[in-house]
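Novice: This is what each chain is made of:
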Amino acid sequence: MAKPRELKRRIRSVQNTKKITKTMELVSTSKLKRAQDRVVGARPYAQALAEVIAQLYSPELAERFPLLRQPGQTGRGKGVRRAALLLITSNRGLCGAFNANLIREARRRLEELEKQDAHTELHLVGKKGISYFKFTKRNIASQRVDIGDRPTLDHAAELAKPLMERFSNGDLDAVDVVFAKFNSAVSTPPTTLRILPVTPPEKRRSGGREAKAAVNYILKPSAEEILEQLLPLYVQNQFYRALVETAAAEHGARRTAMKNATDAGSDMLTILQRTFNRARQAQITQELAEIVGGAEALKG
Amino acid sequence: MRVSVISAERAVFEGEAEAVVAPAYDGLVGILPRHAPFMTLLGQGVVKITNTSLGGETIRLQVAGGFLQVAYNVVRIVARSAAPVAS
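Line by line, the protein sequences are chains A and B.
With the first letter of the first sequence counted as 1, position 164 gets the number 164 in our numbering; the numbers rise by one all the way through.
Start counting at 1 in the second sequence, then tack on 1000, and there's your number in our numbering.
Think of the hints as simulated: they come from the structure by calculation, not from any bench.
Computed from a predicted model, the values in this text were never measured in an experiment.
It cannot be assumed that every hint is accurate.
Label-pair distances were calculated between CB atoms; the ranges are [unchecked claim]:
#1 A:Asn139 - B:Ala1086: 22 to 32 Å
#2 B:Tyr1072 - A:Gln70: 27 to 37 Å
#3 A:Thr23 - B:Gly1027: 23 to 33 Å
#4 A:Arg104 - B:Gly1043: 43 to 53 Å
#5 B:Asn1073 - A:Gln47: 17 to 27 Å
#6 A:Thr23 - B:Ala1019: 49 to 59 Å
#7 A:Glu60 - B:Gly1045: 31 to 41 Å
#8 A:Ser131 - B:Tyr1072: 49 to 59 Å
#9 A:Val40 - B:Tyr1072: 50 to 60 Å
#10 B:Tyr1072 - A:Thr192: 34 to 44 Å
#11 B:Tyr1072 - A:Gln229: 21 to 31 Å
#12 B:Gly1027 - A:Glu202: 29 to 39 Å
#13 B:Gly1027 - A:Asn139: 46 to 56 Å
#14 B:Ala1086 - A:Leu61: 19 to 29 Å
Ideal placement from N, C-alpha and C gives every residue a C-beta, glycine not left out.
Please put together the full structure from these sequences, using the hints given.
Specialist: As structure tokens, then:
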């Protein structure tokens, strides 16, 4: 049986760890709330942009915009030849399988692209993804760790700009982003989204909306120029959405992981406390027996 | 008419108004109720919203980039960035 003093030490250590995980859980909960608000806050903008682009979009116009160019339409051979994959991970760990899942999804996508004979370059956001791909000695095209809990539209613009330019020049045939889609705090599946070429958003189908789509707008300066301005904004916003959703998902994952850790700590404490009590009781019983035995011997 | 101002990060303003002046790409445009369906690019500048629900008070928002859309008495200003002007 373990010595009571050792058990006491372990109990204290588990108690301290539990305090830390409990605090991290609380911190993540409040950060999650704020990140969630940002996800929800970004929705009307994305929706408005998508609606307008859907309204203005027509296949004839599409050919004039490099951002809408589908691979294989340019006559330089079919399919995707050069692709870029952007993986968004968190900077910090202790969030369960969150980063591992994202990395797995990215690797799956890389394999898929390479099977299509596409030369794929890797762009990384977040320390966790970077350290993994450094470990596997893969070539990394770009990396950054300065986007934290609060991604801004400027961050998204910085990411989007070089990729959009190179796509427009024809240096890239496709740009994919792997991020954690934020369905809810507990459902954040790693997701791959093809950001370039832009897939024109579909028009809403519900009756009232369709009537709206048929309105003849006075367009200034022209549908073409409006589209030209809005498409980059739309792409930027997709990057922004990926960043914001991943940030929110990270906090959700950390909250769950820390809650599990705290619960496991509580279970462990109960067992340890019980073992400790038993050991203490055994010691007392033994001492009593010795005293009684000794007294008996003296009487003898 | 209904007016909403949406920035990339959140919905900045939502409410009734009787006049809107916005900086389009080539100059200011004024929108009154029952304006024809209209869509234009935004430049940089201050959007002025004359608000009935707040007793005729004028709301000023600094906006940059994006577009303005009018249809069915609903004005939608979707800007890359939008923030209240400090009065």
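Novice: Now, for every hint given, state plainly whether the structure supports it.
Specialist: Hint check:
1. At roughly 48 Å, the beta carbons of Asn139 (chain A) and Ala1086 (chain B) sit outside the given window of 22 to 32 Å.
2. In this structure the supplied range 27 to 37 Å holds for Tyr1072 (chain B) paired with Gln70 (chain A), their Cβ-Cβ distance being about 34 Å.
3. At roughly 55 Å, the beta-carbon separation of Thr23 (chain A) and Gly1027 (chain B) lies outside the given 23 to 33 Å, and the hint is violated.
4. Our hint of 43 to 53 Å for Arg104 (chain A) and Gly1043 (chain B) holds, since their Cβ atoms are close to 45 Å apart.
5. Against the hinted window of 17 to 27 Å, the Cβ-Cβ separation of Asn1073 (chain B) and Gln47 (chain A) comes to about 20 Å, which satisfies the hint.
6. Checked against the hint of 49 to 59 Å, the pair Thr23 (chain A) and Ala1019 (chain B) passes, with Cβ atoms roughly 52 Å apart.
7. Between Glu60 (chain A) and Gly1045 (chain B) the C-beta distance comes to about 33 Å, which sits within the given range of 31 to 41 Å.
8. Look at Ser131 (chain A) against Tyr1072 (chain B): about 53 Å separates their beta carbons, and that is inside 49 to 59 Å.
9. Roughly 25 Å separates the CB atoms of Val40 (chain A) and Tyr1072 (chain B), a value that falls outside the hinted 50 to 60 Å.
10. Under the hint 34 to 44 Å, the C-beta atoms of Tyr1072 (chain B) and Thr192 (chain A), about 38 Å apart, fit the expected range.
11. About 24 Å separates the C-beta atoms of Tyr1072 (chain B) and Gln229 (chain A), a value consistent with the hinted range of 21 to 31 Å.
12. Range check, Gly1027 (chain B) to Glu202 (chain A): about 34 Å between beta-carbon atoms, so the 29 to 39 Å window is met.
13. The hinted range of 46 to 56 Å is satisfied by Gly1027 (chain B) and Asn139 (chain A), whose Cβ atoms lie roughly 50 Å apart.
14. At roughly 41 Å, the beta carbons of Ala1086 (chain B) and Leu61 (chain A) sit outside the given window of 19 to 29 Å.
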